Each structure stands twice: as C-alpha cells, then as structure tokens.
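Asker: Using the sequences and the hints, build the whole thing.
Here is how the chains run, residue by residue.
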Amino acid sequence: MDDVTRELRRLKGVGEVLAGRLVSAGMDSLEKVAAAGEEGLKAIKGINPRAIPVILSQAAVMSSDASERRLGELRERTAAMGLRVQTMAADVKSRFGEELAGKDGRKVERDLLRIAGSLDTVAVLLEKRRKRAWKVLSKFEKRLSALEGAGLKEIRKGLKKTRKMLLRTGFMEKAGKQRV
Amino acid sequence: MTMLLMKKTPLWIAAKGLLAERGADFFRCWEKTASTFDPEDIHDLRVASRRLREGISLFAQCYPEARINAVRKSVKKVTDALGELRNLDEGLAFFRQAAAEMGEEHGRELSGCITLYEADREGAGKKLKRDLKKMRATSLRKLFVRIVHAPYLFDPPPGATDPFLPIEDFAREGIELRLAPVLALVPAARRPGEAAAQHSLRIAVKRFRYRMEVLSPLMHEEGYRQVHGHVKEYQEILGRIHDLDVFSGLIREAVLSETEEQALGGIIAKKREKSFVEFLDKLDTIPFEAIGATVRSLM
Chain A
1 MDDVTRELRR LKGVGEVLAG RLVSAGMDSL EKVAAAGEEG LKAIKGINPR
51 AIPVILSQAA VMSSDASERR LGELRERTAA MGLRVQTMAA DVKSRFGEEL
101 AGKDGRKVER DLLRIAGSLD TVAVLLEKRR KRAWKVLSKF EKRLSALEGA
151 GLKEIRKGLK KTRKMLLRTG FMEKAGKQRV
Chain B
1 MTMLLMKKTP LWIAAKGLLA ERGADFFRCW EKTASTFDPE DIHDLRVASR
51 RLREGISLFA QCYPEARINA VRKSVKKVTD ALGELRNLDE GLAFFRQAAA
101 EMGEEHGREL SGCITLYEAD REGAGKKLKR DLKKMRATSL RKLFVRIVHA
151 PYLFDPPPGA TDPFLPIEDF AREGIELRLA PVLALVPAAR RPGEAAAQHS
201 LRIAVKRFRY RMEVLSPLMH EEGYRQVHGH VKEYQEILGR IHDLDVFSGL
251 IREAVLSETE EQALGGIIAK KREKSFVEFL DKLDTIPFEA IGATVRSLM
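From first to last, the protein sequence lines stand for chains A and B. FYI, this note's numbering numbers position 80 of the first sequence as 80, with every residue one higher than the one before it. FYI, this note's numbering numbers position 42 of the second sequence as 42, with every residue one higher than the one before it.
In short, the hints are calculated from the structure, not lab data. Since the structure is predicted, the reported quantities are computational estimates derived from the model, not experimental observations. Please note that a few of the clues may not be correct.
Stated by the list, open to error - Have a look at the derived ranges for each label pair, beta carbon to beta carbon: (1) Arg191(B) with Ser94(A): 49 to 57 Å; (2) Pro192(B) with Asp91(A): 54 to 62 Å; (3) Lys129(B) with Lys174(A): 25 to 33 Å; (4) Leu71(A) with Glu222(B): 21 to 29 Å; (5) Lys153(A) with Arg130(B): 49 to 57 Å; (6) Glu222(B) with Leu125(A): 25 to 33 Å; (7) Glu221(B) with Leu125(A): 33 to 41 Å; (8) Asn87(B) with Ala80(A): 44 to 52 Å; (9) Lys161(A) with Met6(B): 27 to 35 Å.
In this text, a Cβ means the ideal position worked out from N, Cα and C, and glycines have one as well.
Answerer: Below you can see the structure in the form of structure tokens.
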C-alpha cells in the first residue's frame with residue numbers, strides 16, 4: 001500500500017478498495033477529496049452516499065492538519081539546509097585553506113553566498129509553493145550530500161549546478177535582486 | 001527575518017541576515033514616508049536610517065571597506081536630509097505647547113513665532129521631497145542588496161574579523177564597545193551644569209540602544225523587551241533635556257520681547273529641572289551597570 005492510499009484510509013468509511021478508486025479518479029490527497037465535494041464523491045463507485053458528508057468534513061479537517069504539518073516540515077528542512085550550507089563553508093575553508101584564494105575558491109565563495117541567500121527566498125516562497133519547494137529541497141539536499149568529501153573543482157561544479165537549479169526553479173533571485 | 005539565527009551562527013551568515021533585516025525596515029519606512037510625509041513617518045524613517053547605520057558600523061569589518069562605506073554614506077545622506085524637518089517639527093511642537101501653557105496674554109507673540117516656523121516647515125517639506133526623490137530609493141536598495149549579500153567568506157583581508165566567528169562572541173564584544181562610553185560619561189552627566197556631558201551621554205545611550213536593537217534577535221525576547229524599555233526611557237529623558245537646551249537657544253534667536261523671553265525661559269528651566277531629577281532617579285533605580293549585566297545575561 002502506498003503513502004497516498006494509506007493517507008486516504010485514515011478517513012472513516014474509506015477502505016483499501018475505495019481509497020484505490022479515489023486515487024484512480026484523481027483524488028490522490030486529502031485536499032483533493034475535500035475539494036471534490038458531494039458531487040465529486042457521488043461519482044465514485046461503491047461509496048455510501050450517507051457517508052459522503054462525514055468523509056468530506058473529515059477530509060477538510062485532516063487536510064488542513066496535514067498541510068500545517070507539511071509546512072512545519074518544510075520550514076525545518078529549509079533551516080537544516082541552511083545549517084548544511086554553513087557546515088559546508090566551514091569544511092571547505094578548513095580543507096582547502098590557501099587554495100581558496102584562487103579562481104576556483106572565488107567561484108565557490110560566490111556560489112555559497114548566493115545559495116545561502118536563496119534559502120531566505122525558499123523560506124518566503126514555501127508557503128505558496130509547497131510541492132515545488134519540497135522537490136527543490138530534496139534536490140538541494142541530494143546535491144550537497146554528493147559533494148561531501150569532494151575535491152575543490154568538483155565542489156565548484158556541484159555548487160554551480162545547484163545555483164542554476166535554484167535559479168531555474170525560481171527559488172533564487174538573480175544577482176543584485178535578492179531580498180532584504 | 002526568515003533566516004534562523006542561533007548563537008553559534010557564523011558571522012558571515014549573521015551579518016548579512018541582521019543587516020538585511022535593518023535594510024528591509026529602512027526601505028519600508030522610506031516608501032511610507034515618500035507617500036505620506038507625515039511627521040511620525042519622517043521620524044520613523046530617521047530612526048530606521050540610524051539603526052541601519054549602527055548595523056553597518058557594527059558589521060563594517062565583514063565587508064570590503066569601499067563598498068560598505070558607499071552604502072553608509074548614502075544612508076547618512078537620508079538621515080541628514082530628514083534632520084531639518086524633524087527639528088522644525090520639534091520646535092513647532094514646543095512653541096505650540098508653550099503657547100497653550102502660557103495662556104492668552106503671551107499668545108500673540110508666540111503665534112507669530114509659530115507662523116514663522118510653519119512657513120519654514122513648508123519650505124523644508126518641499127526640499128525634503130525633492131531631496132528624497134533625488135536620492136532614488138531603488139538605486140540605493142540595489143546597491144545595498146548587492147553589497148550586503150557579499151560579505152567576506154574565505155579570504156578576508158588582514159585585520160578583518162574571522163567570518164566563521166560565532167555571532168554570539170562578536171555580539172558580546174560589540175555590545176561592550178557601545179556600553180563602555182555610556183558608563184564612562186555617567187559621572188560627569190550626573191552634575192546638573194554639565195550640559196555637554198549630558199548631551200554626549202544621550203548620543204552614547206542612543207548608539208547603545210540601536211546596537212541592542214540590531215542584535216535583539218540574539219536575545220531572549222521577554223528580558224530584552226524589559227531592558228530595552230529602560231534604555232529607551234533613559235534616551236527619552238536625556239532627549240528631553242537636550243531639546244530644552246536647544247529651545248532655550250531658540251528663544252534667544254526668536255524675536256521676542258524681554259518679558260516673553262523670560263517667561264519662556266522660566267518654563268524651560270522648570271521643565272529641565274524636572275527632567276534632570278527624573279534622570280538622577282533613574283540612575284539610582286536602574287544604573288547602567290545593571291543594564292549592562294542584564295544585556296550580557298540575555299546573550
């Protein structure tokens with residue numbers, strides 16, 4: 001059973017089969033079930049019409065709880081990423097020392113500063129763009145993990161990719177247009 | 001501020017976060033003042049510009065000198081431009097209150113004075129509008145953003161503070177630097193005739209207060225609010241004393257009859273005395289040593 005079905009099964013009156021049918025009808029989250037309304041649920045085969053109002057009110061309450069939880073998780077992840085960027089900067093500084101005065105070092109510095117700044121943008125945008133923010137943070141996390149213990153050149157390339165990804169997804173402002 | 005600031009946060013992150021917060025406040029106030037030109041908004045913008053300058057002065061070592069100085073100069077221009085209007089507003093408020101207190105018999109002469117001030121204020125208001133427009137908030141914001149987001153990281157010049165120093169250590173030192181002149185000036189300022197020392201103490205207290213405000217995200221909220229309230233009260237009392245000294249100069253400059261000048265002088269002297277007693281009481285109840293100890297314990 002996947003996460004979506006498990007989440008839908010938390011609704012009283014929704015079993016495994018009905019959860020599967022809801023997902024097939026495009027209602028793959030509590031928010032979507034709540035938004036479908038009576039008419040939307042009546043169209044699902046096998047649903048008890050008398051149970052519809054209860055399912056809808058439960059879905060509305062649960063989706064708002066789930067949404068708050070998700071937002072909290074997103075904020076925690078953003079803060080954790082901020083700490084990882086800080087740790088990475090300290091690690092780069094201690095591992096590469098004087099090498100950082102060169103071209104690669106300057107580029108790493110520039111990208112780290114831009115990336116650290118973009119986390120403020122993520123923190124502001126995540127409320128409105130939760131799904132996107134979740135994906136971006138996952139990618140971000142993966143990229144930084146891949147750079148642990150890497151050489152300076154690799155770090156430079158990895159950070160450049162991360163910066164571009166953040167710019168492309170709208171979670172980083174162009175240089176000079178950052179938030180204050 | 002969206003950034004999560006902790007005591008161990010490295011200086012390079014904390015500096016740009018704390019300065020960005022002060023900058024956001026400054027530009028928000030600027031926008032509001034540009035549309036309303038309300039005396040309170042003008043005052044708020046002036047205070048916001050001073051807080052930002054205090055932040056810049058605190059974190060100046062974290063940035064290339066020429067760049068941060070460019071921002072500092074531009075922000076100072078805004079503070080200066082606002083000064084004239086603010087002083088006229090203060091003067092007007094004083095003469096209006098004095099006219100109300102002194103009653104009809106002195107009213108005519110003072111109303112002439114008030115009319116002159118009102119005319120000056122109108123001219124100063126127009127000048128300020130022109131000056132603020134010339135200073136271009138958008139350009140300054142761009143410059144500020146570009147510089148604030150690029151502190152030293154890997155290669156600071158000799159003499160600059162280590163960008164990886166925990167903000168807690170940096171902040172403690174910063175607070176002590178602003179507290180020291182306050183403590184040094186108190187003995188002289190306690191003497192009634194030492195107007196210059198009282199004025200210097202007012203400036204030192206103001207700087208200490210702004211520094212506390214810049215670093216407030218590092219302090220426990222409840223305790224901070226209380227200690228900040230005490231510092232603010234000190235600043236207000238000393239501000240009142242200073243304003244009264246300025247006003248006694250103003251009445252000498254204003255074209256007033258001797259009786260009028262004496263009556264006003266009497267009012268000023270009485271008010272100053274009252275404020276000075278308040279200042280001494282405050283020093284006995286909440287001395288600056290105690291304030292310093294509380295601020296240290298909050299960080």
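Asker: Next, verify each hint and record whether it holds.
Answerer: For each hint, the structure was consulted:
no., hint, in the structure
1, Arg191(B) with Ser94(A): 49 to 57 Å, "holds (54 Å)"
2, Pro192(B) with Asp91(A): 54 to 62 Å, "holds (60 Å)"
3, Lys129(B) with Lys174(A): 25 to 33 Å, "holds (32 Å)"
4, Leu71(A) with Glu222(B): 21 to 29 Å, "holds (26 Å)"
5, Lys153(A) with Arg130(B): 49 to 57 Å, "holds (54 Å)"
6, Glu222(B) with Leu125(A): 25 to 33 Å, "holds (31 Å)"
7, Glu221(B) with Leu125(A): 33 to 41 Å, "violated (27 Å)"
8, Asn87(B) with Ala80(A): 44 to 52 Å, "holds (50 Å)"
9, Lys161(A) with Met6(B): 27 to 35 Å, "holds (29 Å)"
Taken one by one, the earlier hints fail for this structure only at number 7.
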